[in-house]
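J.: Please model the entire structure based on the sequences and the hints provided.
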Amino acid sequence: MESMASAAIFYGVAAVVLGSALYVVVGRNLVHSAFALVAAFFGVAVFYVYLGADFLAGAQVLIYVGGILTLLLFGVMLTNRIYNLNLRSGAIQVVPGALSAGLVFALLVWIIQSVDWGAMDAGDPGPTSESIGRLLMGDYLLPFEIASVLLLIALMGAAMLVRRRGSGSS
Amino acid sequence: MITRFRQIEMRLMGPLTMIPIVLCLVVLGTIAALPVVATILSELVADFVPPALQHLTIVVLGTAGFVGILALNPIYSIWLERKVAAHVQDRLGPMRVGWHGLLQSFADGVKLLFKEDLVPRDADRVLFGAAPMLAVASAFAAFAIVPWGVREDGTVLAVANLNIGVLYFIAITSLGALAVLMAGWGSNNKYALYGGMRAAAQMVSYEIPTAILVLVVVAQVGSLSIPDIVNAQAGGILGVGDWLIFQLFPLNLIAFVLFFICGLAETNRTPFDIPEAESELVAGFHTEYSGMRFAFFFLAEYGNMLLVSMLAALLFLGGWIGPFGSNPLLFFVKGFGLVVVQMWLRWTLPRLRVDQLMGICWKYVIPISFFLLVVTTVIKGLL
Numbered sequence: 000m001e002s003m004a005s006a007a008i009f010y011g012v013a014a015v016v017l018g019s020a021l022y023v024v025v026g027r028n029l030v031h032s033a034f035a036l037v038a039a040f041f042g043v044a045v046f047y048v049y050l051g052a053d054f055l056a057g058a059q060v061l062i063y064v065g066g067i068l069t070l071l072l073f074g075v076m077l078t079n080r081i082y083n084l085n086l087r088s089g090a091i092q093v094v095p096g097a098l099s100a101g102l103v104f105a106l107l108v109w110i111i112q113s114v115d116w117g118a119m120d121a122g123d124p125g126p127t128s129e130s131i132g133r134l135l136m137g138d139y140l141l142p143f144e145i146a147s148v149l150l151l152i153a154l155m156g157a158a159m160l161v162r163r164r165g166s167g168s169s
Numbered sequence: 000m001i002t003r004f005r006q007i008e009m010r011l012m013g014p015l016t017m018i019p020i021v022l023c024l025v026v027l028g029t030i031a032a033l034p035v036v037a038t039i040l041s042e043l044v045a046d047f048v049p050p051a052l053q054h055l056t057i058v059v060l061g062t063a064g065f066v067g068i069l070a071l072n073p074i075y076s077i078w079l080e081r082k083v084a085a086h087v088q089d090r091l092g093p094m095r096v097g098w099h100g101l102l103q104s105f106a107d108g109v110k111l112l113f114k115e116d117l118v119p120r121d122a123d124r125v126l127f128g129a130a131p132m133l134a135v136a137s138a139f140a141a142f143a144i145v146p147w148g149v150r151e152d153g154t155v156l157a158v159a160n161l162n163i164g165v166l167y168f169i170a171i172t173s174l175g176a177l178a179v180l181m182a183g184w185g186s187n188n189k190y191a192l193y194g195g196m197r198a199a200a201q202m203v204s205y206e207i208p209t210a211i212l213v214l215v216v217v218a219q220v221g222s223l224s225i226p227d228i229v230n231a232q233a234g235g236i237l238g239v240g241d242w243l244i245f246q247l248f249p250l251n252l253i254a255f256v257l258f259f260i261c262g263l264a265e266t267n268r269t270p271f272d273i274p275e276a277e278s279e280l281v282a283g284f285h286t287e288y289s290g291m292r293f294a295f296f297f298l299a300e301y302g303n304m305l306l307v308s309m310l311a312a313l314l315f316l317g318g319w320i321g322p323f324g325s326n327p328l329l330f331f332v333k334g335f336g337l338v339v340v341q342m343w344l345r346w347t348l349p350r351l352r353v354d355q356l357m358g359i360c361w362k363y364v365i366p367i368s369f370f371l372l373v374v375t376t377v378i379k380g381l382l
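Here the protein sequences line up with chains A and B, keeping their order.
Position one of the first sequence corresponds to residue 0 (numbering that gives the first Met the number 0), numbered consecutively onward.
Position one of the second sequence corresponds to residue 0 (numbering that gives the first Met the number 0), numbered consecutively onward.
Source of the hints: derived by calculation from the structure; they are not laboratory data.
Certain hints may be false.
[As the list claims (entries may be wrong)] Stretch by stretch, here's where chain A covers chain B in the computed footprint (C-beta under 8 Å, at least three residues): (1) 114-127; (2) 173-181.
[Said to hold, decoys possible] Just the calculated beta-carbon pair ranges, DEER-fashion: (3) B:A218 to A:G125: 20 to 28 Å; (4) B:G235 to A:G66: 31 to 39 Å; (5) A:I131 to B:L91: 23 to 31 Å; (6) A:L102 to B:L382: 57 to 65 Å; (7) A:T78 to B:T154: 46 to 54 Å; (8) B:L91 to A:L160: 32 to 40 Å.
All C-beta atoms, glycine included, are put in the ideal place defined by N, C-alpha and C.
T.: Have a look at this one:
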């Protein structure tokens with residue numbers, strides 16, 4: 000009973016994720032596509048919950064939906080006359096496109112089939128935030144710090160690029 | 000000079016004349032919280048519920064309780080808001096419908112229900128329709144992690160006792176900004192779009208200090224779980240002394256004030272109501288909305304006000320912990336009390352300009368919250 004309901008929710012969310020992701024690609028309205036991306040990201044967060052990764056699910060919603068997508072929409076809406084833009088998402092180069100997509104799909108299927116995933120026991124996996132914190136601040140402290148320095152450099156670079164030149168401290 | 004004194008007196012004394020009305024609010028809030036009160040009662044009759052069904056009982060009653068509170072919340076909150084406004088401005092407010100206008104909001108609600116559902120001709124119908132739903136959904140979903148008490152055997156009374164409760168709160172409230180953007184865009188109205196853009200910029204900016212201030216609390220307690228944070232505040236003088244707001248005085252007091260300011264900004268309340276500034280933008284992002292859709296935005300706004308107040312009460316004011324021991328009613332009194340403070344501020348302070356708003360966030364609130372985070376963690380590490 001419970002597994003039935005959980006499977007039904009899983010496939011429902013999967014359908015929403017795939018449908019909205021497809022709309023992002025083929026949709027002709029840029030703003031609609033951006034909002035469809037919200038549904039796709041949110042659905043992925045639901046998958047993280049199914050995998051027992053509660054912290055990752057929260058971070059996914061916080062960073063992708065709350066941060067990146069809001070900024071993306073902000074950019075789309077601030078861009079001049081973007082709503083009149085007729086997006087071309089017709090089919091060009093059908094054969095090479097289908098071929099490369101099929102190859103990538105086959106590669107993914109092959110990898111998923113051949114890798115031993117070390118499946119966890121069924122049931123409640125328990126909270127993950129503590130172990131993530133210990134690993135980040137312990138075993139993986141150096142990669143964590145390097146990533147944060149890299150992000151800081153990227154931030155400073157972005158600030159540098161958008162700064163108005165010549166006018167001093169404007 | 001006399002008028003100036005009169006103004007100051009009005010501003011300070013206005014809320015004091017509200018005391019009987021605030022008492023009414025507590026009574027009303029309790030009535031609205033009846034399903035939750037039923038849960039408290041279920042604590043007394045815990046022996047009658049089989050242990051296997053206890054968790055389910057809490058979840059079902061809690062969900063019903065919060066949905067009930069949130070559905071009724073705008074009705075008495077709007078009445079209270081108008082009463083606070085009236086008393087701050089030295090007038091009476093609604094008096095005709097029911098005792099002291101108590102039924103005024105019900106009349107207004109019925110009026111909104113029967114209003115024509117207008118959609119502008121050039122509006123983006125999908126987004127225009129989806130925006131109010133998303134706003135209400137994000138406001139309601141966040142209440143899933145709000146705990147309202149703890150039983151003597153340690154069972155937490157909450158719909159979902161998440162280990163990452165605080166993270167969930169920060170994540171889910173960011174959906175509200177999307178709803179406002181959606182409404183602003185979908186209306187196809189320049190004032191609505193301006194309102195939507197302002198709201199998005201404001202919410203994204205103030206999310207940063209909110210998260211840092213929550214981290215100040217999390218770093219001191221050492222847990223992301225809200226019940227753990229509340230339980231860490233138990234004890235002390237009169238059951239009040241160990242509230243987080245009094246710990247490491249005055250660091251946490253500053254953190255609480257800043258958190259409340261960020262909460263005001265995130266719910267778009269005056270002095271941060273520039274997304275719907277009437278004198279500049281008609282009505283901001285809900286210019287084109289009418290009838291039930293408009294009511295949905297009100298539902299979301301008052302829900303968010305209550306959410307921010309309850310979170311502030313849980314994180315800093317000890318939640319259900321107080322001088323009379325641990326009591327869920329105490330938590331509701333604190334939550335609704337902070338809502339009254341929000342209303343008081345709305346009718347006392349003028350609105351900020353856009354640049355002032357951003358200046359306050361980036362030049363003052365964020366640096367101070369970083370300073371608080373560093374200092375509290377260093378002190379906590381040394382102790």
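J.: Need the list of violated hint numbers for this structure, in ascending order.
T.: Going through the list in order, the structure violates hints 5, 8 and respects the others.
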